[in-house]
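Protein chains: 2
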Amino acid sequence: MSTIDIDASAFQSSGADPRKPDAQVLNSLAMQLCACYSVSDSEKELADAVERFLKRFGHLEVMRQGDTVIARTNMGRATRVILAGHLDTVPVIDNFPPAWLEPGDATIREDVAAAHPGERVLWGRGGVDMKGSDAVFLWLAAVLTQPACDITYVFYDHEEVSADKNGLGKVAAAHPQWLDGDFAVIGEPTGCGIEGGCNGTMRFDVVTHGVAAHSARAWMGDNAIHKAGEVLDRLNAYEPATVEVDGLEYREGLNATLISGGKGTNVIPDECRVHVNYRFAPDKSIAQAKALMFGADCPVKLDGGECQATGGVFEGFDIEMKDESPSARPGLTDLQASKLVRFVKERTGRDPVAKLGWTDVARFSALGVPAVNLGAGDPLLAHKADEQLAEGDLVLMAQILGDWLG
Amino acid sequence: MSTIDIDASAFQSSGADPRKPDAQVLNSLAMQLCACYSVSDSEKELADAVERFLKRFGHLEVMRQGDTVIARTNMGRATRVILAGHLDTVPVIDNFPPAWLEPGDATIREDVAAAHPGERVLWGRGGVDMKGSDAVFLWLAAVLTQPACDITYVFYDHEEVSADKNGLGKVAAAHPQWLDGDFAVIGEPTGCGIEGGCNGTMRFDVVTHGVAAHSARAWMGDNAIHKAGEVLDRLNAYEPATVEVDGLEYREGLNATLISGGKGTNVIPDECRVHVNYRFAPDKSIAQAKALMFGADCPVKLDGGECQATGGVFEGFDIEMKDESPSARPGLTDLQASKLVRFVKERTGRDPVAKLGWTDVARFSALGVPAVNLGAGDPLLAHKADEQLAEGDLVLMAQILGDWLG
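Those sequence lines, one after another, are chains A and B. So the first sequence is numbered by my numbering: it starts at 1333 and just counts up by one. So the second sequence is numbered by my numbering: it starts at 1333 and just counts up by one.
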C-alpha cells in the first residue's frame, strides 16, 4: 500500500500569520486530503498521514484511537475550544481523483460560479463534505502556535455510516477526557455560516393488532390495517411546531416513513406497522419528546418490545421504539460562541441559523459541550456527484477561525 | 413409477342398485383415492387410474385433457347433469398415507365423533377436500347404467393452485362442449348440504402518490402514506351489505388485506399501496361491482395500469386492478336443482345456504351452467392437518345423488 505525506514545507519557517491565511497553502492542503481516497472503512491511510503531519509540531500533543487522530495544545488557557472534522467520505461516483477547475471552466456549476466569480474550484469527492474544512483545521493546527485559548483538533473516522461505527462516538466512550472542552465547532459544510444545534430524532413503530381470517369470511377476523386508519388520521391532524431556541428557529416534523401490513391477498391482516419519525426541537429532551408522543408514564424504550402509549399523540396504540437520538441546543449564549457569531457576521454578514438534520454536534451536546457547525462549502452539494468547493471558502473559513482563535 | 389400479371387482355383476349404496365399496374407493398421493402438479398417477377405471364401463364415453378425465353417458336424455370433483390436494402435513380410525379412537376429532357417533373415520390428506366426493362420483359412474338424465363426470387437476393452472378452466377453454349441461354439482365438502352460487371477488391496489424528501425537511416533500389515511377512513366507513339472491343470503366484504409504502426510515414516502379485496354478491356483475368501487365510467381493467376512480367508494384515488372473478347465482330455480334441494332436505333436514368463498361453480356459471356445491365432509376440516371424513357422509352423499339421478 502506498503512503502519502501531507506537505508541511510551508510551515518550516515559524513566521506564518494565523490572521493572514495563504490561499496557495490552503488549496494545496485541501487537494492533498481529497486526493487520498478515504471512503468510510478506508480512512487508515489518510489518518496515518494526518497523524504524521500533526506530530511535526512541537506545540501539539497527538493521540490516536483507531483511525481517529486528536491533537491538542496544553497552554493552560482558561478556555478550550474543539475543532472537529471527519476524514471519511461517502462512496465515490465518478468523482475521484479530484481536480482543480479554472475560472470559466464549463464543468463549474452555475450556482458555484455565481456565488464565487473568478475563483478556482476544487472538484471531487469530499471537497465539500468535509476535507475543505479538514484542510483549514490542519492549517490552524500548524500556524496557531500561540492561540488565545487551548484548542483540541479532532480528525475522526466513520461519520458517513451507521452511528455505532462513528469514531467520535468511540473516543467519547473510551477516552471522554480527550473531548473535554467549553465549545466545539464541527466543520460540516455551512458556507462558513453558523448552523447551531440540531433537532433530535426518534423512530418508532405504531403497531395495530387484529385477528386473521379468510377474506371471504372477513367478519370472523379483525382487520389490523383498517385500525391503522386512526394512526394516519392522528398524523394528518398533527400540526408540527416551529420552536425558537436561543434565538434560532427549529422546525419539527412528525411523519410516517414506512407502512406495512398483511399476510396475503386473501387474508384479513392481523398486524400493521406504521413506522414514524419524530424530529423534535432542542427545547425537548428525549424523555419530553416521548411524553408528547406516548404519555409521560409510558415506559417504552429501545429494545424494550411493544408498549401501550398511555397518552400523547398515539394514546392507546402499541409502540415499539426503534431509534432515538437527542437534540442539541445551539449553545450560542456561551462567551466563545458569541465572539464567533460576531466574527462570522463581520466576514459574511450572516446570522446563525438552526441545523435541522441530526449531526455530531449532538454528541458534543451529550458530553456537555455546546457545539455548532461551521465549515467550507455549500451543504447542498454534499454527497452529490458534482461536489465542488470554491477556493474562496477555504480562505474565508481560515480568516474567521484565525480571527477568533489567533 | 408405480401405478395403481382402482378396484372395480364390486361392479363386475351388473346388479348394483344405485339407490342402495354399499358402504364397504364406497369406503374402499375413498381409501384407494386417498392412498394415491396427488398434491397439485402430481395428479398424473391418480388421473391415469381414474381413466382406466372409467374405461371399464361400456355405458361411458371417456375423454382426457392433461390430467383432467371426463366420462359421460350419451343416452339422449332431455337433461344433462355434470358432477365434478378435483383430484388434487393441498400439500401434505404429516397426514399421508391415510388410515381408517375405528369408533372410539382417540385420534378422532371430538366434533367429528359427536356428529357421527359409532362411525369409522377416514383420516388423511384429501379425505374431505375432496376425494370422498370423488369416490361417490366414481361409484355413481359405475352403477348408474340407466340414469334418469345424461351425466357428465369430471375429475380435474390443479384446483388448489393458481387459477391459470386449473384443469376445469383448461377444458372450458379447449373443449367447452365437453362441459355442456343443464346443471352442475361440484363435490366441494358441504357435509352433504347444498351451498349455492358464490360471491364474486376482485382485488386492486389503491395507490397514493407523494414527493420524496429527507424526513428532517419533511415540508420539502409530500407524504403518500399520510394520504392513505383517507383510503382507510373510507374502508372503515363502508358498511358491507348482506344480499339475498334466489332466497339465499350472501354476505359481502370490503377489506384492505395488504398495505405497503415508504423507501427508508428517514425518507418522506412518495408512494403507498393499499391492496383491497372486494367480495360481492351474485346480484352484481363484475362491471356493476367496479361501478360501486370506482364509478361507472372508470375504465380500470386488469393489466391496464393505474386509473383514477371517477366515483364510487374510492373516488379520486388511483386504482390498479390485480384480479377479478365473477360471482355465480345459486341457480336453484332450475327444475333439476329444485329436485335436488328436495332430496337433500329429506335426507338431511337442511335447506340450501349461500357459498361465500369463490369456487369453481363460478366457472360453470360463466359457461351458462347453473351449479352448486354438494360434497362429503365438514368444510371446516379442508386443508387442515387432521382432515377427517366420517364414513356415513359417503353413504349419505351417494343416497342423495342416487335418489336424484337413479
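Since the hints were derived computationally from the structure, they do not count as laboratory data. Positions of the beta carbon are idealized from the N, C-alpha and C atoms, including for glycine. Among these hints, one or two may not hold up.
[Said to hold, decoys possible] If you want a taste of the chain B side facing chain A, the calculated C-beta under 10 Å gives, among others:
id: 1; residue: Cys1530
id: 2; residue: Ser1547
id: 3; residue: Val1577
id: 4; residue: Ala1588
id: 5; residue: Asp1655
[Claimed, not checked] Covered, in the sense of this in silico footprint (three residues per stretch, anywhere, with C-beta under 8 Å from a C-beta of chain A), are these stretches of chain B:
id: 6; stretch: 1551-1560
id: 7; stretch: 1564-1576
id: 8; stretch: 1607-1621
[Unchecked claim] List time: in silico DSS-like cross-link candidates among lysine-lysine, alpha-carbon distance up to 25 Å:
id: 9; chain 1: A; residue 1: Lys1559; chain 2: B; residue 2: Lys1595
id: 10; chain 1: A; residue 1: Lys1387; chain 2: A; residue 2: Lys1376
id: 11; chain 1: B; residue 1: Lys1559; chain 2: B; residue 2: Lys1654
id: 12; chain 1: A; residue 1: Lys1559; chain 2: B; residue 2: Lys1671
Each hint tested on the structure:
Given hint, Cys1530(B) at the interface with chain A, holds; its Cβ is 9 Å from that chain's nearest Cβ, closer than 10 Å. The interface hint given for Ser1547(B) is met, as the beta carbon of that residue sits about 5 Å from the closest beta carbon of chain A, less than 10 Å. Residue-level restraint check for Val1577(B) is violated (minimum Cβ-Cβ distance to chain A is 16 Å; threshold 10 Å). Below 10 Å, beta-carbon pairs count as interface contacts, and Ala1588(B) has one with chain A at about 4 Å; its hint therefore holds.
Of the supplied interface hints, the one on Asp1655(B) holds, with its beta-carbon coming within about 7 Å of a beta-carbon of chain A, less than 10 Å. Using a Cβ-Cβ cut-off of 8 Å, 5 residues of the stretch 1551-1560 of chain B lie near chain A, which meets the minimum of three, so the contact claim holds. Counting residues of the stretch 1564-1576 of chain B whose beta carbon lies closer than 8 Å to any beta carbon of chain A gives 5, which reaches the threshold of three, so the coverage claim holds. With 3 residues having a beta carbon nearer than 8 Å to a beta carbon of chain A, the stretch 1607-1621 of chain B meets the requirement of three or more and the stated coverage holds.
Among the hinted pairs, Lys1559(A) with Lys1595(B) is consistent with the structure: their alpha-carbon atoms are about 22 Å apart, no more than 25 Å. Restraint check for Lys1387(A) and Lys1376(A): the C-alpha separation of about 16 Å stays at or below 25 Å, so the hint holds. Distance restraint check for Lys1559(B) and Lys1654(B): the Cα-Cα separation of roughly 21 Å lies within the 25 Å cut-off, and the hinted pair is therefore satisfied. Of the supplied pair hints, the one linking Lys1559(A) and Lys1671(B) is violated, its CA atoms being roughly 47 Å apart against a limit of 25 Å.
When the structure is compared with the earlier hints, violations turn up for hints 3, 12 and for no others.
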